[in-house]
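S.K.: Each chain, written out:
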Amino acid sequence: MGTELTRAIIGGILTGGVYALMAAGLTLIFGVMEIINIAQGIFVVLAAYLSYVLQVHFGIDPFLGLLITMPLMFGVGLLVEWSFIRRLKPQNRSALSILVTFAVAIVIEGILTQFFSADLKTLSAWYVDRSVHVLGFFLPYIYLFGFGLAVVLLTALYLFLYRSRTGRSIRASVQNRTGAELIGININRVSAITFGVGAAVTAAGGMVFGATNTFNPNSGYDLISRLLVIIVLGGLGSVGGALVAAVVALVIEDVTAVLWSPVWASTMFFAVLVVVLLVRPNGLFGRQEARAQ
Amino acid sequence: MTSPTTEERPIRATGPADVLDIPALLVGRRVLLVVVVLVAVVFPFVFTNPATTSIAMFTLVYVGATSVWNMFSGLSGYVALGNAVFYGSGAYFLANMTTHLHLAGGVGIFFLVPVAGLFAGVVAVPVGWLALRTRRHTFVVITIAIFFIFQLLAYNLRSITGGSAGMSLPVPPWDAQTYNTYFYLAALVVAIVAVAIAWAWRRSSYGLSLLAIRDDEDRARGLGVKTTRVKLLTFVLTGFVTGMCGAIYAYYLGSIYPPFAFEAIFDVTVALMAFLGGLGTIVGPVVGALILEPLQQYFTLRFTSGGYSLIVFGVLFLVVIRFLPEGVVPSLATVLRKRLRVRAEARGVTR
Chain A
15 MGTELTRAII GGILTGGVYA LMAAGLTLIF GVMEIINIAQ GIFVVLAAYL SYVLQVHFGI
75 DPFLGLLITM PLMFGVGLLV EWSFIRRLKP QNRSALSILV TFAVAIVIEG ILTQFFSADL
135 KTLSAWYVDR SVHVLGFFLP YIYLFGFGLA VVLLTALYLF LYRSRTGRSI RASVQNRTGA
195 ELIGININRV SAITFGVGAA VTAAGGMVFG ATNTFNPNSG YDLISRLLVI IVLGGLGSVG
255 GALVAAVVAL VIEDVTAVLW SPVWASTMFF AVLVVVLLVR PNGLFGRQEA RAQ
Chain B
933 MTSPTTEERP IRATGPADVL DIPALLVGRR VLLVVVVLVA VVFPFVFTNP ATTSIAMFTL
993 VYVGATSVWN MFSGLSGYVA LGNAVFYGSG AYFLANMTTH LHLAGGVGIF FLVPVAGLFA
1053 GVVAVPVGWL ALRTRRHTFV VITIAIFFIF QLLAYNLRSI TGGSAGMSLP VPPWDAQTYN
1113 TYFYLAALVV AIVAVAIAWA WRRSSYGLSL LAIRDDEDRA RGLGVKTTRV KLLTFVLTGF
1173 VTGMCGAIYA YYLGSIYPPF AFEAIFDVTV ALMAFLGGLG TIVGPVVGAL ILEPLQQYFT
1233 LRFTSGGYSL IVFGVLFLVV IRFLPEGVVP SLATVLRKRL RVRAEARGVT R
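In order, the protein sequences belong to chains A and B. Residue numbering for the first sequence follows our numbering, beginning at 15 and increasing consecutively. Residue numbering for the second sequence follows our numbering, beginning at 933 and increasing consecutively.
Next comes chain A alone, as it looks inside the complex:
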């Protein structure tokens, strides 16, 4: 039981890192633009399919393929922001954005279904099926690599947000959109870049997701609900909060599977949010949500 439990905790932390990678873009986009990007779930799946195509048709290793998929997803993010989000009128933007991004998700799902059918796919590579023996545990390489990738990319994201000029503009827009506009920050540009960066980071999360799970065009719905739980748990707009929340929620899920029953594991994942919100209505690291204007 003891080793089982430790294994579950380690597994939860490793998977949590990958979920944080997928959720980082979602929470960043929310922070800057106050919109929930429902298409984030299908972005993950789209990225997984892109890696799949590169691997199957061009023989490119999924990790190496990120050099191609991340810029591609950056473009997808820019395109979605420019063609749909920017066109929304400010008064009902936050409600309509849910609808628009959901419609975008449906379209992408349809395109993916048309190209790849609903068959379950998975990414394969030498590190997907092999494990490494560490301290008495067998850890699949892909989880270790995925976690490493999450650490690298989240650090890069941190440096981008806190050390670069664009990052500073993004943070200023998170703090106060109107204020940022007043001091001469081009909000449209910042929004587009945020959407692009959010989608690009998701590309990496999608690749690891595709290697650790089977997926089809329908997988986006389960993902988006989990990612939403993670970002609310962590406090909307907080990338660090999302990381902690992802690890906490997935450790609890995996531990429940060991201590109680695998059947109740997913239920606990969602129940964590309900319990936390009872105590802290704004999530673990959240700010008070601003008054409706």
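Misleading hints may appear alongside valid ones.
[Stated by the list, open to error] What follows is a list of derived Cβ distance ranges for each label pair: (1) B:Pro-1058 x A:Leu-134: 36 to 42 Å; (2) B:Arg-1151 x A:Trp-274: 24 to 30 Å; (3) B:Leu-1268 x A:Thr-136: 51 to 57 Å; (4) B:Phe-979 x A:Trp-274: 48 to 54 Å; (5) B:Phe-1235 x A:Ile-197: 46 to 52 Å; (6) A:Leu-134 x B:Gly-1095: 22 to 28 Å; (7) B:Arg-1090 x A:Phe-129: 36 to 42 Å; (8) A:Trp-274 x B:Arg-1161: 53 to 59 Å; (9) B:Gly-1095 x A:Leu-19: 26 to 32 Å; (10) A:Thr-136 x B:Ala-1097: 24 to 30 Å; (11) A:Thr-136 x B:Ala-1128: 48 to 54 Å; (12) B:Phe-1043 x A:Asn-106: 39 to 45 Å.
[Claimed, not checked] Below, a sample of chain A positions facing chain B; criterion: calculated Cβ distance under 10 Å: (13) Ile-49; (14) Val-114; (15) Val-243; (16) Leu-292.
These are calculated hints, taken from the structure and not from any lab test. Yeah, the Cβ is synthetic: ideal placement off N, Cα and C, and Gly gets one too.
Following the hints, position chain B against chain A.
M.R.: Okay, now just chain B, sitting in the frame of chain A:
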């Protein structure tokens, strides 16, 4: 000027009074209502094709569910994406009642539908209490989370729900020709009740309180609106009607499984229908359901490969949001009002 959300107010003429005959318009509206209800009642006797009546029945179920979704979310601005919780609760409660009371299929079961609705209303009390502690985006997400908890409970609490094997409901002894008609009429009753409740609620002080909450909740509270009570009451009422819709749906299907009863698509569909028709209006959700549900069914039949129907559906949505961001009904009303005013002014000049 009338704001787009308060379409209940009569249209005020800016031109000469004889151009816009207000009493005639009001009478016209009442006549229109009677005609619509009559057409709805006669419909299954004219179009007897079971495929048609089946789609019509589903449409009515969605008219009911969307109207009350809009009553809460459209008026208060709290976008709930977890109403399938009540849909599923109503469905499972009816299945449990018919199973444990060993009821045979027939018209009598329809009288248990309001009981199933009451159960869903009871479920809505703790759900609403919990979810309504949060606001705006957090509220959206927590309703989604609670929805998934319920769906997973339906899988896991096998003694109550039968798990993934599901539960079956009694089969009514009606012949194939009239089978759908019974369900259609029952769904029609629920739909009318739902629209009537939404209409009455909108006109009551609750409706105004909800609108005040939407505009500025803290200020509404400061002005003495009992915000928590108003929100929770409306939420529970929404749960009650949605539960009735779910019960009819379950009875029609004849068996119920967790993914059908607690269906994520349902959560989104009611919201889409209300948005499409016009958020916060009474007619909007009805129009939204009347457009969307048959369209959805048509697409699934027309394009057998799932991809195309999704693409067409999604693109259609993007187009509607782009060009009719307020929904079909308010946008058309604005156009119509502008037309009438232009005509009135033209007449005023020629006189």
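S.K.: The structure should be examined with respect to each hint, and the outcome stated for every one.
M.R.: Tested hints:
no.: 1; hint: B:Pro-1058 x A:Leu-134: 36 to 42 Å; result: holds, 37 Å
no.: 2; hint: B:Arg-1151 x A:Trp-274: 24 to 30 Å; result: violated, 46 Å
no.: 3; hint: B:Leu-1268 x A:Thr-136: 51 to 57 Å; result: holds, 54 Å
no.: 4; hint: B:Phe-979 x A:Trp-274: 48 to 54 Å; result: holds, 52 Å
no.: 5; hint: B:Phe-1235 x A:Ile-197: 46 to 52 Å; result: holds, 51 Å
no.: 6; hint: A:Leu-134 x B:Gly-1095: 22 to 28 Å; result: holds, 23 Å
no.: 7; hint: B:Arg-1090 x A:Phe-129: 36 to 42 Å; result: holds, 39 Å
no.: 8; hint: A:Trp-274 x B:Arg-1161: 53 to 59 Å; result: violated, 37 Å
no.: 9; hint: B:Gly-1095 x A:Leu-19: 26 to 32 Å; result: holds, 27 Å
no.: 10; hint: A:Thr-136 x B:Ala-1097: 24 to 30 Å; result: holds, 29 Å
no.: 11; hint: A:Thr-136 x B:Ala-1128: 48 to 54 Å; result: holds, 52 Å
no.: 12; hint: B:Phe-1043 x A:Asn-106: 39 to 45 Å; result: holds, 41 Å
no.: 13; hint: Ile-49; result: holds, 9 Å
no.: 14; hint: Val-114; result: holds, 6 Å
no.: 15; hint: Val-243; result: holds, 5 Å
no.: 16; hint: Leu-292; result: holds, 7 Å
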